[in-house]
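Peer 1: With the sequences and hints as input, model every part of the structure.
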Amino acid sequence: MSFISVKNVWQQYGDQVVLEGLNLSIAEGEFCTLVGASGCGKSTFLRLLLGQEVASKGTILLDGEPLAKEPDSTRGVVFQRYSVFPHLSVLDNVALGLELPRSGLLGRLFGAAKRDAREQAAALLHKVGLDHALDKYPTQLSGGMQQRLAIAQALIMKPRVLLLDEPFGALDPGIRKDMHALLLELWRETRLTVFMVTHDLSEGFNLGTRLLVFDKVRIDPHAPGAYGARITYDIPLNSDRRAARVALDSLKTV
Amino acid sequence: MRLINRRPDRASRLILVLLPFALLLFAYFTGSATRLTENPNDKLLPSAVQMTDAIKRVAFVPDQRTGEYLLWQDTGASLQRLAIGLAISAVVGLCLGIASGVLPLFSAPLSPLLTVLSMVPPLAILPILFIVFGLGELSKVMLIVIGITPVLARDLEQRAREIPVELLIKAQTLGASTWTLILRVVLPQLLPRLLISLRLVLGSAWLFLIAAEAIASTDGLGYRIFLVRRYLAMDMILPYVVWITLLAWLMDWGLKALTRKAFPWYEGARP
Chain G
1 MSFISVKNVW
11 QQYGDQVVLE
21 GLNLSIAEGE
31 FCTLVGASGC
41 GKSTFLRLLL
51 GQEVASKGTI
61 LLDGEPLAKE
71 PDSTRGVVFQ
81 RYSVFPHLSV
91 LDNVALGLEL
101 PRSGLLGRLF
111 GAAKRDAREQ
121 AAALLHKVGL
131 DHALDKYPTQ
141 LSGGMQQRLA
151 IAQALIMKPR
161 VLLLDEPFGA
171 LDPGIRKDMH
181 ALLLELWRET
191 RLTVFMVTHD
201 LSEGFNLGTR
211 LLVFDKVRID
221 PHAPGAYGAR
231 ITYDIPLNSD
241 RRAARVALDS
251 LKTV
Chain U
1 MRLINRRPDR
11 ASRLILVLLP
21 FALLLFAYFT
31 GSATRLTENP
41 NDKLLPSAVQ
51 MTDAIKRVAF
61 VPDQRTGEYL
71 LWQDTGASLQ
81 RLAIGLAISA
91 VVGLCLGIAS
101 GVLPLFSAPL
111 SPLLTVLSMV
121 PPLAILPILF
131 IVFGLGELSK
141 VMLIVIGITP
151 VLARDLEQRA
161 REIPVELLIK
171 AQTLGASTWT
181 LILRVVLPQL
191 LPRLLISLRL
201 VLGSAWLFLI
211 AAEAIASTDG
221 LGYRIFLVRR
231 YLAMDMILPY
241 VVWITLLAWL
251 MDWGLKALTR
261 KAFPWYEGAR
271 P
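Going down the list, the sequences are from chains G and U. Take 1 as the starting number for the first sequence in our numbering and just add one per residue. Take 1 as the starting number for the second sequence in our numbering and just add one per residue.
Incorrect hints may appear among the rest.
Quick look at which bits of chain U chain G covers, simulated, 3 or more residues with Cβ under 8 Å [said to hold, decoys possible]:
#1 157-168
#2 172-184
#3 256-266
Capping the alpha-carbon separation at 30 Å, the derived lysine-lysine pairs in BS3-like fashion look like this [said to hold, decoys possible]:
#4 G:K114 with U:K261
#5 G:K136 with U:K261
#6 G:K136 with U:K256
#7 G:K7 with G:K69
#8 G:K127 with G:K114
#9 G:K158 with G:K177
#10 G:K57 with G:K69
#11 G:K114 with G:K158
#12 U:K43 with U:K56
Pairwise CB distance ranges (calculated) [to be verified]:
#13 U:R161 with G:D131: 34 to 42 Å
#14 U:I4 with G:H222: 45 to 53 Å
#15 U:A87 with G:D215: 54 to 62 Å
#16 G:K136 with U:K261: 12 to 20 Å
#17 U:P164 with G:G21: 27 to 35 Å
#18 G:D15 with U:P112: 25 to 33 Å
#19 U:R161 with G:A68: 21 to 29 Å
#20 G:G111 with U:T218: 49 to 57 Å
#21 G:S142 with U:I4: 29 to 37 Å
These are calculated hints, taken from the structure and not from any lab test. For glycine and all other residues, C-beta sits at the position ideal for the given N, C-alpha and C.
Peer 2: In structure tokens:
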């Protein structure tokens, strides 16, 4: 059974159809990259997966269950900007994810529980290469560092799905390369299913195990909003990487 | 060099800061000296000596009737009213602002109501306050609260809306409930903004305080000024005004320092 199945999903705002007739079946552990022209609905699709919006028609199933209608801790997200909390230190930005679910009243842990959360957060921050900046505030970090922090923050929840909305769109090419390496490494280590929206085609081809191209098939010049985008190409990529991952998974389960 | 590109250095900056104050004082004291030479009994522009005498009388000599030191008693009474009023307004304004700025279900009924309420001139309902709450402390504090709470609430509502939706979504993916989201994400981001808003409404708060004291009170800085007005006691009114200004300026400065000290992340994070 597929991990995520998208069944005949439409999304429209008023008369404006953004997505039409999406059908997809995604296996667990897939790294999907979403590409397409601006305004063709890739980010909208990501928001549907996130639960930030609800599809006008159709259903999205996660592990056979309909997707929750609001964001929750099963799906992590990294946006291009505003992904981290400016009022918390780097360490607390990550530890927050451990504090919130465990303390419903204050959203805050104390004493040994707090130390424990901070230690876990520090370990993860070490992995993304931020161990020198634990006490800094996000505004004191460079753009690349902020995105590393955002990724660590999302991963501390051990989500099953990670959604990335042009996470490296604002970064320099060199930094972007480093981030790609980091992301692939983290993806290999976890059983994460990743959806990543990108404007950069080469990024899409390099990173993904599956490339989804969004495009409008039908265009009515008199009513630009009448038809939405579909997935026009669905290309399996980097089969070696996928195979390696499947092999690793089978080893782990033995 | 264009005027827009010319900047004062440290020394000339200090001179430029002090210059208008010096000019004001100079203009006053020349005027005062001229009038007093023409008529030594002139009360309109008292000299520095006369004002110092008046200050000594109210600040360091106990009042003959009550045995209190008037200036300190007035200051204490006024500051207490102001502090209670500001504290209540801050808490209520914060709650209303957050509720209306973050929760759409609360925003629908609250936001238009706040807009309308903030248009009611507070002084126009001062008589109602006196009728409802009596002439005691409560009505004076209530005037401050009613005067500045809608302003604070509307400002904080606006600031809460300016928090990027990405952050609210992110907090939900980190397992926050509405309550913990407000507690750990919205509230901490609004607190520095609250201090800034408080600085901005400080002037109005003093205005309402002095208006209330002028009309019905038995002590307080505003009361004293309006009381001695009957004797044309400018030698007392002017130091009182300076004293009020100084207090207001100190409060403003204190709030500014507190913002910087308590929220070091804020300066850099401002969009």
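Peer 1: Compare the structure with each hint and give your call.
Peer 2: Hint check:
1. With 3 residues having a beta carbon nearer than 8 Å to a beta carbon of chain G, the segment 157-168 of chain U meets the requirement of three or more and the stated coverage holds.
2. Counting residues of the segment 172-184 of chain U whose beta carbon lies closer than 8 Å to any beta carbon of chain G gives 11, which meets the minimum of three for the stated coverage.
3. Only when three residues or more bring their CB closer than 8 Å to a CB of chain G does the claim for the segment 256-266 of chain U stand; here the count is 4, and the claim holds.
4. Proximity of G:K114 to U:K261 is assessed by CA-CA distance (about 24 Å); at most 30 Å being required, the pair is judged to hold.
5. Restraint check for G:K136 and U:K261: satisfied, since their Cα atoms lie roughly 16 Å apart, inside the 30 Å limit.
6. A distance of roughly 23 Å separates the Cα atoms of G:K136 and U:K256; the hinted pair therefore holds under the 30 Å criterion.
7. With a C-alpha separation of about 16 Å, the suggested pair G:K7 and G:K69 falls inside the 30 Å cut-off, and the hint holds.
8. Distance hint between G:K127 and G:K114 is fulfilled; the C-alpha atoms sit about 20 Å from each other, no more than 30 Å.
9. Straight-line distance between C-alpha atoms of G:K158 and G:K177 comes to about 24 Å, which keeps the hinted pair within the 30 Å bound.
10. A C-alpha spacing of about 13 Å is found between G:K57 and G:K69, which places the hinted pair at or below 30 Å, so the restraint holds.
11. For the suggested pair G:K114 and G:K158, the alpha carbons sit about 18 Å apart, so the restraint of at most 30 Å is met.
12. Taking the CA atoms of U:K43 and U:K56, the gap is near 18 Å; set against the 30 Å cutoff, the hint holds.
13. In this structure, U:R161 and G:D131 meet the distance hint of 34 to 42 Å, their C-beta atoms being roughly 36 Å apart.
14. A hinted range of 45 to 53 Å for the beta carbons of U:I4 and G:H222 is consistent with their spacing of about 51 Å.
15. For the pair U:A87 and G:D215, the supplied restraint of 54 to 62 Å holds, since their beta-carbon distance comes to about 59 Å.
16. Distance hint check: the CB atoms of G:K136 and U:K261 are about 18 Å apart, consistent with the given range 12 to 20 Å.
17. Remark: the range hint 27 to 35 Å for U:P164 to G:G21 is upheld by a beta-carbon distance near 32 Å.
18. Between G:D15 and U:P112 the Cβ separation comes to about 29 Å, which falls inside the hinted range of 25 to 33 Å.
19. For the pair U:R161 and G:A68, the supplied restraint of 21 to 29 Å holds, since their beta-carbon distance comes to about 25 Å.
20. Range check, G:G111 to U:T218: Cβ separation about 52 Å, and the 49 to 57 Å hint holds.
21. Checking the proposed 29 to 37 Å range against G:S142 and U:I4 shows it holds: the Cβ atoms sit about 32 Å from each other.
Checked against the numbered hints given earlier, the structure satisfies every one of them.
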